[in-house]
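Asker: From first to last, the protein sequence lines are chains A and B.
Quick note on the numbering used here: the first sequence kicks off at 1 and runs consecutively.
Quick note on the numbering used here: the second sequence kicks off at 1 and runs consecutively.
What the hints contain is simulated information worked out from the structure, not anything from laboratory work.
Positions of the beta carbon are idealized from the N, C-alpha and C atoms, including for glycine.
Treat each hint with caution, since some may be false.
[As the list claims (entries may be wrong)] Each computed BS3-like pair below joins lysine-lysine, with the alpha-carbon atoms no more than 27 angstroms apart:
1. Lys122/B x Lys76/B
2. Lys315/A x Lys443/A
3. Lys409/A x Lys391/A
4. Lys76/B x Lys397/A
5. Lys58/B x Lys544/A
6. Lys122/B x Lys548/A
7. Lys76/B x Lys87/B
8. Lys493/A x Lys533/A
9. Lys565/A x Lys409/A
10. Lys544/A x Lys443/A
11. Lys533/A x Lys443/A
12. Lys87/B x Lys391/A
13. Lys111/A x Lys315/A
14. Lys548/A x Lys533/A
15. Lys76/B x Lys548/A
16. Lys206/A x Lys391/A
17. Lys548/A x Lys124/B
18. Lys76/B x Lys391/A
19. Lys18/B x Lys397/A
20. Lys507/A x Lys443/A
21. Lys18/B x Lys206/A
[Unchecked claim] Simulated restraints, written as ranges between beta carbons of each label pair:
22. Thr11/A x Ala30/B: 53 to 63 angstroms
23. Leu110/B x Thr11/A: 36 to 46 angstroms
24. Thr451/A x Asp85/B: 50 to 60 angstroms
25. Ala30/B x Leu7/A: 20 to 30 angstroms
26. Arg14/A x Cys127/B: 47 to 57 angstroms
27. Ala99/B x Lys544/A: 29 to 39 angstroms
28. Lys565/A x Asp71/B: 40 to 50 angstroms
29. Ala23/B x Val47/A: 21 to 31 angstroms
30. Pro175/B x Lys544/A: 35 to 45 angstroms
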Amino acid sequence: MAFLDWLDERTGIRAATRLMLEEDVPGGARLRYVFGSVLVFLFMQQVVLGILLAFYYSPSATDAWASTAYLNDQVTYGWFLRGLHHHGSSAMVVVVVLHLLQVVFAGAYRKPREVNWWTGLVMGAIVLAFALTGYLLPWDQKGYWATQVATGIMGTVPGGEPLQQFVQGGADYGNLTLTRFFALHVFVLPIALGGLLVAHLLLFRKHGVTPPELPEAELRRKTQPFWPNQLFLDVLAMTICAAVLVGLTVKTHGAELFAPADPASNFVARPEWYFLFLFQLLKYFQGPLQIVATVLLPGAAAAYLFALPFVDRAKSRALRSRWSVLSGVGLLMAGVTALTAVAIVEDANNESFQHGVEQAHAEAGRARELAREGVPPVGGVAVFDNDPEQKTRNLFKEHCGTCHTLEGKGSEEAPVLDGFTSREWLAALVRNPRDRRFYGATKHNTMEPLTTEQASDEELAAVVEYLISLSGASAAASVDAAMVARGKELWDKKLECSSCHELEAGKDSTGPTLAGRGSPAWIARIIRDSSQKDLYGDTAEMPKFADKLTQEQIEALAQFVASRKTP
Amino acid sequence: MSSGSGGEPDAGRRGVLKLGIGALGLGLAAVPAVPAIGYLLYPTGGKAGEGAFLPAGKRSAFVGAVPVRVDLYADKVDAWNKTPDVKLGSCWVLERDGALHAFSTVCPHLGCAVDYDAESQKFKCPCHRSAFGLDGAVEAGPSPRPLDALDLQEENGLVAIRLVRYRQGVARKEPV
Chain A
1 MAFLDWLDER
11 TGIRAATRLM
21 LEEDVPGGAR
31 LRYVFGSVLV
41 FLFMQQVVLG
51 ILLAFYYSPS
61 ATDAWASTAY
71 LNDQVTYGWF
81 LRGLHHHGSS
91 AMVVVVVLHL
101 LQVVFAGAYR
111 KPREVNWWTG
121 LVMGAIVLAF
131 ALTGYLLPWD
141 QKGYWATQVA
151 TGIMGTVPGG
161 EPLQQFVQGG
171 ADYGNLTLTR
181 FFALHVFVLP
191 IALGGLLVAH
201 LLLFRKHGVT
211 PPELPEAELR
221 RKTQPFWPNQ
231 LFLDVLAMTI
241 CAAVLVGLTV
251 KTHGAELFAP
261 ADPASNFVAR
271 PEWYFLFLFQ
281 LLKYFQGPLQ
291 IVATVLLPGA
301 AAAYLFALPF
311 VDRAKSRALR
321 SRWSVLSGVG
331 LLMAGVTALT
341 AVAIVEDANN
351 ESFQHGVEQA
361 HAEAGRAREL
371 AREGVPPVGG
381 VAVFDNDPEQ
391 KTRNLFKEHC
401 GTCHTLEGKG
411 SEEAPVLDGF
421 TSREWLAALV
431 RNPRDRRFYG
441 ATKHNTMEPL
451 TTEQASDEEL
461 AAVVEYLISL
471 SGASAAASVD
481 AAMVARGKEL
491 WDKKLECSSC
501 HELEAGKDST
511 GPTLAGRGSP
521 AWIARIIRDS
531 SQKDLYGDTA
541 EMPKFADKLT
551 QEQIEALAQF
561 VASRKTP
Chain B
1 MSSGSGGEPD
11 AGRRGVLKLG
21 IGALGLGLAA
31 VPAVPAIGYL
41 LYPTGGKAGE
51 GAFLPAGKRS
61 AFVGAVPVRV
71 DLYADKVDAW
81 NKTPDVKLGS
91 CWVLERDGAL
101 HAFSTVCPHL
111 GCAVDYDAES
121 QKFKCPCHRS
131 AFGLDGAVEA
141 GPSPRPLDAL
151 DLQEENGLVA
161 IRLVRYRQGV
171 ARKEPV
């Protein structure tokens with residue numbers, strides 16, 4: 001150990017290590033002393049994992065979701081490290097509560113350890129603040145909406161609005177919200193917790209553990225050193241905790257990542273499980289009473305815990321003499337547990353909530369699949385532009401929407417395309433072809449309307465059914481055979497449609513051929529060049545897209561138009 | 001769980017405990033550390049793809065021996081972002097003996113952008129004074145190899161160029 005000697009001579013590292021590890025535990029090592037150490041371990045692990053996550057995460061409204069999806073779904077073991085960080089926060093909350101209960105049980109908050117009790121309570125609050133700020137960072141639906149509720153509550157509290165604006169970085173959520181939450185989560189809170197932890201540990205070393213109620217002599221006789229006796233138990237507990245975390249992370253395949261935050265959606269927002277009791281409490285106090293659930297009750301509970309050293313007037317630490325304090329804290333825990341349970345049960349029985357969750361999962365899966373090819377720089381929600389249908393939609397908007405209307409959007413220079421292949425569209429067209437919905441605004445407005453004298457509604461329906469049967473479109477599979485036969489007879493013998501319209505492709509005439517009308521292939525031909533002789537000929541005004549768009553784009557557009565239903 | 005041995009020294013037992021602490025401690029550290037290796041290495045070590053030919057303009061834009069600088073655009077995937085039509089880089093295009101040639105603007109020495117000096121009819125690097133002839137050959141300065149020629153395609157009067165980045169500072173031209 002020549003190197004250690006060398007180092008020790010220059011740093012005094014051996015004495016420092018001894019100072020840290022050599023401490024007597026009066027009454028001997030105990031399993032119930034492990035919680036503090038486990039929390040230190042969890043905090044350190046969260047710090048390491050947080051730093052690792054920061055290697056890929058980018059805190060901006062446009063990048064946050066995309067970088068999280070990348071980290072989670074593409075980077076090697078990203079899901080595992082993020083999952084561990086996520087479940088680690090739950091573990092911290094659980095162990096904070098266990099630590100607190102152990103301290104209350106042992107009466108360790110009493111004189112002379114009051115300040116240590118208070119630093120502990122503040123650290124507990126910081127752990128919750130960590131959870132709250134971390135929740136938003138992925139900028140997914142769940143984080144976005146759940147955090148909206150939290151900052152919204154801030155705004156309803158008297159005098160809370162400036163604070164809300166401060167943490168949000170303005171009146172709305174956006175880049176500044178993320179940068180602020182990020183700064184709080186990765187700088188302010190860890191430094192605050194680290195500082196308090198040092199104070200907490202120094203105070204702990206000053207006063208030592210709160211030993212069991214045994215005669216002084218017996219405590220001394222059973223005394224064991226912290227190193228290695230207590231530390232072994234501590235590390236054992238850390239290992240159990242880590243094993244549970246790893247198991248949980250593998251079982252859930254990491255943390256959930258919902259679809260990108262969409263301010264226009266209606267997401268079924270729920271806070272993380274350890275805030276459910278507050279969420280549930282809020283349901284019982286509405287309107288002017290809301291402040292009872294948001295501030296008064298939680299504030300009273302916190303005040304009670306802070307005042308515990310003074311509330312406790314008992315002469316000794318014996319459990320018997322402290323029944324009022326113990327039952328007070330017990331009641332608090334029971335209340336929190338009950339509210340949490342009610343919230344879970346209510347959600348489990350709430351069908352619309354369950355349906356919403358299912359939809360959210362489906363949407364999340366779709367978004368994350370589409371994110372694999374890269375998210376457009378506009379931001380998370382733009383990931384849906386990767387969807388082939390959305391691509392086609394954008395193509396339509398760019399090239400077709402300047403003349404055609406679809407789903408209420410676009411111009412009316414050319415026929416409205418909603419339900420273009422439907423029976424309703426055809427029947428309405430025949431009755432009123434010069435309406436702006438059809439060819440009224442185009443050069444192709446030469447068709448005469450078919451009046452009810454020329455053909456009754458019922459006869460028209462039969463002809464339409466006949467045309468549908470010839471369309472080759474998907475609707476052709478579901479035609480009514482009797483009506484088709486009737487329609488054919490009317491077409492052949494009574495009506496004069498065939499003087500302009502052919503029923504064979506390639507035959508020239510004034511009106512477009514109706515063979516295959518409405519099928520994707522027929523629509524694609526029109527998109528390529530509508531002035532072909534068997535289509536709109538001289539009356540065609542539509543640009544020829546054959547050399548403007550690729551073959552695939554034209555086919556996709558044709559499919560898209562053919563599949564649009566009447567709104 | 002208090003131990004029965006009390007305060008009496010029990011060196012053997014303590015040795016086992018110390019060993020246990022070491023072993024479990026290592027295990028705890030390994031939980032984030034081992035996956036972190038693969039995590040942090042992602043996606044380094046991968047080769048950039050061959051690259052497609054990118055449109056550079058009409059053939060008629062490149063007449064004569066005066067080099068023209070062209071920016072090349074394509075869709076780019078950068079980690080989580082996919083950005084359409086981004087400027088990926090540029091190259092010098094010139095006509096020699098009736099044929100078009102393209103050179104990367106990246107100096108083979110240390111990667112500065114090579115400029116064209118019309119007066120001396122040479123490509124000159126502004127950083128370390130490398131100079132290259134119109135054929136790309138090194139005429140002065142520290143560059144270890146000629147300007148990197150890029151593949152060029154002509155089709156229907158349109159010119160397309162394949163943008164490739166090569167390793168800097170070495171005599172051999174190898175893609176990175």
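Asker: All hints, please: hold or fail.
Answerer: A quick look at each hint next to the structure:
| no. | hint | result |
| --- | --- | --- |
| 1 | Lys122/B x Lys76/B | violated, 32 angstroms |
| 2 | Lys315/A x Lys443/A | violated, 100 angstroms |
| 3 | Lys409/A x Lys391/A | holds, 16 angstroms |
| 4 | Lys76/B x Lys397/A | holds, 24 angstroms |
| 5 | Lys58/B x Lys544/A | holds, 23 angstroms |
| 6 | Lys122/B x Lys548/A | violated, 41 angstroms |
| 7 | Lys76/B x Lys87/B | holds, 9 angstroms |
| 8 | Lys493/A x Lys533/A | holds, 25 angstroms |
| 9 | Lys565/A x Lys409/A | holds, 15 angstroms |
| 10 | Lys544/A x Lys443/A | holds, 16 angstroms |
| 11 | Lys533/A x Lys443/A | holds, 15 angstroms |
| 12 | Lys87/B x Lys391/A | holds, 22 angstroms |
| 13 | Lys111/A x Lys315/A | holds, 11 angstroms |
| 14 | Lys548/A x Lys533/A | holds, 21 angstroms |
| 15 | Lys76/B x Lys548/A | holds, 23 angstroms |
| 16 | Lys206/A x Lys391/A | violated, 67 angstroms |
| 17 | Lys548/A x Lys124/B | violated, 41 angstroms |
| 18 | Lys76/B x Lys391/A | holds, 17 angstroms |
| 19 | Lys18/B x Lys397/A | violated, 70 angstroms |
| 20 | Lys507/A x Lys443/A | holds, 21 angstroms |
| 21 | Lys18/B x Lys206/A | holds, 25 angstroms |
| 22 | Thr11/A x Ala30/B: 53 to 63 angstroms | violated, 27 angstroms |
| 23 | Leu110/B x Thr11/A: 36 to 46 angstroms | holds, 42 angstroms |
| 24 | Thr451/A x Asp85/B: 50 to 60 angstroms | holds, 54 angstroms |
| 25 | Ala30/B x Leu7/A: 20 to 30 angstroms | holds, 25 angstroms |
| 26 | Arg14/A x Cys127/B: 47 to 57 angstroms | holds, 53 angstroms |
| 27 | Ala99/B x Lys544/A: 29 to 39 angstroms | holds, 36 angstroms |
| 28 | Lys565/A x Asp71/B: 40 to 50 angstroms | holds, 45 angstroms |
| 29 | Ala23/B x Val47/A: 21 to 31 angstroms | holds, 23 angstroms |
| 30 | Pro175/B x Lys544/A: 35 to 45 angstroms | holds, 42 angstroms |
Checked against the numbered hints given earlier, this structure breaks hints 1, 2, 6, 16, 17, 19 and 22; the rest are met.
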